Amino acid sequence: MTHLPYIVAAYVIAVGLPVIFAAEAFFRVRSARLRLEAIDMRRDRGRS
Amino acid sequence: MLHRFANPGQFLRLSGKVLPWLFWTGGLLTAVGVAWGLFFAPDDWQQGDTVRIMYVHVPFAWLASAGYFSLAVCSVLSLVWRHPLADLAAAEIAPVGAGFTAVCLATGSLWGKPTWGAWWVWDARLTSVFVLFLLYLGHIALVRAFDDPTRGYRAGAILALVGVINLPIIKFSVDWWNTLHQPASIGLTGAPSIASSMLWPLLFSAIGFSLLFAAITIARTRAAVMERRIRSLLMAKASSAGEQEALS
Numbered sequence: 026m027t028h029l030p031y032i033v034a035a036y037v038i039a040v041g042l043p044v045i046f047a048a049e050a051f052f053r054v055r056s057a058r059l060r061l062e063a064i065d066m067r068r069d070r071g072r073s
Numbered sequence: 063m064l065h066r067f068a069n070p071g072q073f074l075r076l077s078g079k080v081l082p083w084l085f086w087t088g089g090l091l092t093a094v095g096v097a098w099g100l101f102f103a104p105d106d107w108q109q110g111d112t113v114r115i116m117y118v119h120v121p122f123a124w125l126a127s128a129g130y131f132s133l134a135v136c137s138v139l140s141l142v143w144r145h146p147l148a149d150l151a152a153a154e155i156a157p158v159g160a161g162f163t164a165v166c167l168a169t170g171s172l173w174g175k176p177t178w179g180a181w182w183v184w185d186a187r188l189t190s191v192f193v194l195f196l197l198y199l200g201h202i203a204l205v206r207a208f209d210d211p212t213r214g215y216r217a218g219a220i221l222a223l224v225g226v227i228n229l230p231i232i233k234f235s236v237d238w239w240n241t242l243h244q245p246a247s248i249g250l251t252g253a254p255s256i257a258s259s260m261l262w263p264l265l266f267s268a269i270g271f272s273l274l275f276a277a278i279t280i281a282r283t284r285a286a287v288m289e290r291r292i293r294s295l296l297m298a299k300a301s302s303a304g305e306q307e308a309l310s
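Protein sequences appear in the order of chains S and F. If you count by the working numbering, then the first sequence holds residues 26 to 73, one letter each, in order. If you count by the working numbering, then the second sequence holds residues 63 to 310, one letter each, in order.
Rather than coming from a laboratory, the hints here were simulated on the basis of the structure. Please read these numbers as outputs of a predicted model, since none were measured by experiment. One or more hints might be untrue.
[As the list claims (entries may be wrong)] If the Cβ cut is set under 7 Å, some of the chain F residues that face chain S in the computed set are:
1. 111
2. 113
3. 114
4. 115
5. 158
6. 165
7. 169
8. 282
9. 285
10. 288
11. 289
12. 290
13. 292
Glycine included, C-beta positions come from ideal geometry on N, C-alpha and C.
One chain only, chain S, in its complex shape (with noise of 0.2 Å):
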């Protein structure tokens, strides 16, 4: 392979920014299903 840090560069770039994505869409979803499921707690403890 010639021409390896290009293809190296690329792929890193290529597979990085998905993942990095990827992790961000997850804690985001996970910290707003949290604070959802705490906020109908509280909501339902205010109830009974």
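Could you slot chain F onto chain S? The hints should help.
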């Protein structure tokens, strides 16, 4: 039917079931396509091993345009039917589309240097994709530029629809102008002019990255729907607390 499926509650239920399948299938196909392209696909007779960049560059180029098309579809849904889910989806597609377009430009540049001898040329294809990147950035900025989110979504939708004109320019730029960028090797109508030993890894990689793009945007939209529900619950709580305080 559209309104039934675009209902936020229905969307959360459906997306919760579909998301793991999209992520895992997309990840698996991407891994196969990328490994196949990097280690097992043959060298090109003219470009040598730099052709391996194609297996990541081409899917990102397709997704840059496809992402913008989906942004435009959401904008139509938002402007015509005023559907709030379409607004949220559009706002979440734009950053992912911008990221994928940036990767398309970066990998193209990394392919251009050893092949053309230049990182960048103001060629019609490269310039029109760069304009697409600016349109994505413009959408992101416009949506966040207003205090009233509805006005931001509306302005972003109009920009997205105006920018659709750039999609056929990107597609046909290599036919309309003399460009350094090569013409398309794969079309919807004719047979591909690429050897099957290169076509298969490219298809795996393209389908894999497409599923990941879909999964990421759906997950982000899901988070945005939940965040909006949190905001409205907190506001309702604050206003009821205010009312009780006023009564006492």
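Quick rundown of the hints versus the structure:
Restraint check, residue 111 of chain F versus chain S: the minimum CB separation of about 5 Å is within 7 Å; hint holds. Interface restraint check: residue 113 of chain F against chain S, minimum CB-CB distance 9 Å, threshold 7 Å, status violated. Taking 7 Å as the C-beta cut-off, the interface hint given for residue 114 of chain F holds, the closest approach to chain S being about 5 Å. With 7 Å as the threshold, the beta carbon of residue 115 of chain F comes within range of chain S, its nearest partner Cβ sitting at about 5 Å, so the hint holds.
Interface hint status for residue 158 of chain F: upheld, as the beta-carbon distance to the closest one in chain S is roughly 6 Å, under 7 Å. Look at residue 165 of chain F: its Cβ gets to within about 5 Å of chain S, closer than 7 Å, so that hint holds up. Annotation: residue 169 of chain F was flagged as interfacial toward chain S, and the flag holds, the nearest CB pair being 4 Å apart, inside 7 Å. For residue 282 of chain F, the interface hint holds, since its Cβ comes within 7 Å of a Cβ in chain S; the closest pair sits about 5 Å apart.
Taking 7 Å as the C-beta cut-off, the interface hint given for residue 285 of chain F holds, the closest approach to chain S being about 4 Å. The interface hint given for residue 288 of chain F is met, as the beta carbon of that residue sits about 4 Å from the closest beta carbon of chain S, less than 7 Å. A least Cβ separation of about 5 Å between residue 289 of chain F and chain S falls short of the 7 Å threshold, and the interface hint therefore holds. The interface hint given for residue 290 of chain F is broken, as the beta carbon of that residue sits about 9 Å from the closest beta carbon of chain S, more than 7 Å.
With a cut of 7 Å, the hint placing residue 292 of chain F at the interface with chain S holds, because the nearest CB-to-CB distance is about 5 Å.
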